[in-house]
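Following the hints, complete the assembly by docking chain B onto the known chain A.
So you can see what is in the structure, the chains are spelled out below.
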Amino acid sequence: MSFSTVHSRQTAIKITIKVAIAVVAIFVLTITLLPYLWLVITSFKNYGEVFDVPPTLIPKAPTLDVYKGVFTGEQLGRHDPWPLFFANSLAVAGGAALLCTLIASFAGYGFARFTNLKGGTFLLILILVSQMFPGPSLLIPIYAMLRRLTLDNSRLGLLLLYTAFVLPFTTWMSVGTFRNIPRDLEDAARIDGCSRLQAFLRIVLPISKLGMATTALFAFLLSWSEYPFGLVLLKTQSKHTVAVGLGAFLREFDVFWNEMAAATVMMSLPLIIIFLFVQKFFVRGLTEGALSG
Amino acid sequence: MMKDSSTGTTRTLSQYLYVLPPVIVIVVFIIIPIFYAIDLSFYNVHLIKPRVKLVWLDNYFRIFRNKTFWEIFYNSVRWMGFGALATLLIGLGLGMFLNLEFRFNSVVRSLIFIPWIMPEVCAAFAWRWMLNSEMGVINEVLGRLNLISRYVAWLAEPNMVLYVCLWVAIWRIYPFISLMILATLHGIPREFYEAGAIDGANFWQRFCYLTFPQLRYALTIGALLTVIWLMNSFTTVFIMTEGGPLHYSEILPVLIYKMAFQSYRLSRAAALSLINFGILLTFSLLYLWVFRRQWRQV
Chain A
0 MSFSTVHSRQ TAIKITIKVA IAVVAIFVLT ITLLPYLWLV ITSFKNYGEV
50 FDVPPTLIPK APTLDVYKGV FTGEQLGRHD PWPLFFANSL AVAGGAALLC
100 TLIASFAGYG FARFTNLKGG TFLLILILVS QMFPGPSLLI PIYAMLRRLT
150 LDNSRLGLLL LYTAFVLPFT TWMSVGTFRN IPRDLEDAAR IDGCSRLQAF
200 LRIVLPISKL GMATTALFAF LLSWSEYPFG LVLLKTQSKH TVAVGLGAFL
250 REFDVFWNEM AAATVMMSLP LIIIFLFVQK FFVRGLTEGA LSG
Chain B
0 MMKDSSTGTT RTLSQYLYVL PPVIVIVVFI IIPIFYAIDL SFYNVHLIKP
50 RVKLVWLDNY FRIFRNKTFW EIFYNSVRWM GFGALATLLI GLGLGMFLNL
100 EFRFNSVVRS LIFIPWIMPE VCAAFAWRWM LNSEMGVINE VLGRLNLISR
150 YVAWLAEPNM VLYVCLWVAI WRIYPFISLM ILATLHGIPR EFYEAGAIDG
200 ANFWQRFCYL TFPQLRYALT IGALLTVIWL MNSFTTVFIM TEGGPLHYSE
250 ILPVLIYKMA FQSYRLSRAA ALSLINFGIL LTFSLLYLWV FRRQWRQV
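For the record, the sequence lines run as chains A and B.
Residue numbers for the first sequence follow numbering that gives the first Met the number 0, so the first one is 0 and each next one is one higher.
Residue numbers for the second sequence follow numbering that gives the first Met the number 0, so the first one is 0 and each next one is one higher.
Hints were generated in silico from the structure; no laboratory data involved.
Treat the hints with care, as some may be off.
Stated by the list, open to error - Below, in silico cross-link-like pairs of lysine-lysine (DSS-like), each with a Cα-Cα straight-line distance of 27 Å or less:
#, chain 1, residue 1, chain 2, residue 2
1, B, K52, B, K257
2, B, K48, A, K234
3, B, K48, B, K66
4, A, K279, A, K17
5, B, K48, B, K257
6, A, K238, B, K257
7, A, K67, A, K238
8, B, K257, B, K66
9, A, K234, B, K66
Same shape as in the complex, but just chain A:
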């Protein structure tokens, strides 16, 4: 066998492997992204085309009317207060993210630095295990409790609830952040006469901006997406978050697919953009949190 045939066979194997990898990658990406892509396509269809059987794969006459309708809330003579839903979501999720980050940054710093605190490990484990429970198991008791306190059907109640639900995970995330920050700087500051609190606020917190921002975004993402508790607690339409409004719309009208698609795209897009910006830190924080605390 001459040198050149060996060589060409090796190239052939290399090309086969490359093609195989490309095929798998495209297959994975299609399955992963098709739903979102299909929502975007649907949202550009007009009210006639969306009912076509079989469905058209590319909109014949792409239109932005549906988005305009969702932006203003006026659509085919109906009034659906989408702008209000978005404002509610922004207030609830934003408030929860801020409150959560505030509490989690102090606690994360505390757990990372005061290692000889009595019961510290127990509290950390309690926090770890409590992140498993927010969900359907708590739906009924929390509804019943808040109803007794007449805090149901309240956006503030929901904000506090989301803060509580996201706190376990964000506290662990922020413990990880502060553990990675060397003590030397704050030790120097404390020798210069700073109190512990001043050292934390003036030296440590500014260095860990990125970690805290990631924590805040994570809290925002989870609160923005939450559905079951919003569904159970928010009875008045004007108080609905986007998730609740969208859910109600989905259950009520099974027809205006393009409108629902547009609202869905608008609800997910901010999260996807945020994520693509911070994904490096995000993914690291998440997988480290789950694997090694």
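Then chain B, alone, in the frame of chain A:
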């Protein structure tokens, strides 16, 4: 001496001020409600009828005597079992695939996370719309590829609907699990494989004797997290089918909701919540036990 110990106490107190707020919030919003649910489950609170009577364990007896409950329970068992198995297999395959070196690896890696980032309501709606039997894109594409001869009613077939919903739930979780596995694979030192290559091990032997033992911890944690997440999934099924047709795709969380807000039996729903909680607690304690290796480093 006196002064020293008192400043020591003040210091400890101020240190607790840093770490206690999340604990208090968690106790108020997560732990107290569980006890409240226990209390509630001993009564017969009904959202419409005002009379309340102490019935002790009667709610539980009624639940356990109910045939529909066991059907739904069996659905939940399949939901968790098949779900965790499939998620791990997909996660393992995808994690190992992403461990290969190719040009757009990092692009694929960030894009596959989108299902996990998308709100659950949106993902469930997207799939429900794609799976629509007449106007859905899935039937259309499968039909064009000659994989099906007539349109399939994905969300109306009794034997299929649970698994169709489960697929959507899995679709949202496997990116996370595969990245967890990828992170572990990146942590395996290269010398490991070099030694294997010298011994002439083939791919399968390398996987069984070198890779897999290293992944065992990540896989265990991944399995437990998946089961816990699947146990908590309400939105996917609720948006896609509301548990229908009949109870064919109903799982415990959906039953809890319907018991309280469609049948108005708040106390019986609380009893169901505690059954759900019991299962969740079991898996959470298992998770903690597996996780114990990390406590010492805490």
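These are the hints, each one checked on the structure:
1. Restraint check for K52/B and K257/B: satisfied, since their Cα atoms lie roughly 22 Å apart, inside the 27 Å limit.
2. Under the criterion of a C-alpha separation no larger than 27 Å, the hint pairing K48/B with K234/A is consistent with the structure, at around 20 Å.
3. Distance restraint check for K48/B and K66/B: the Cα-Cα separation of roughly 25 Å lies within the 27 Å cut-off, and the hinted pair is therefore satisfied.
4. Proximity of K279/A to K17/A is assessed by CA-CA distance (about 26 Å); at most 27 Å being required, the pair is judged to hold.
5. Between the alpha carbons of K48/B and K257/B the distance comes to roughly 17 Å, so the proposed pair stays at or under 27 Å and holds.
6. Proximity of K238/A to K257/B is assessed by CA-CA distance (about 22 Å); at most 27 Å being required, the pair is judged to hold.
7. A threshold of 27 Å between alpha carbons decides the hint, and for K67/A with K238/A the separation of about 22 Å falls inside it, so the pair holds.
8. For the hint pairing K257/B with K66/B, the CA-to-CA distance comes to about 16 Å; that is within 27 Å, so the pair holds.
9. Distance restraint check for K234/A and K66/B: the Cα-Cα separation of roughly 32 Å exceeds the 27 Å cut-off, and the hinted pair is therefore not satisfied.
Violated hint for the displayed structure: number 9, the only one.
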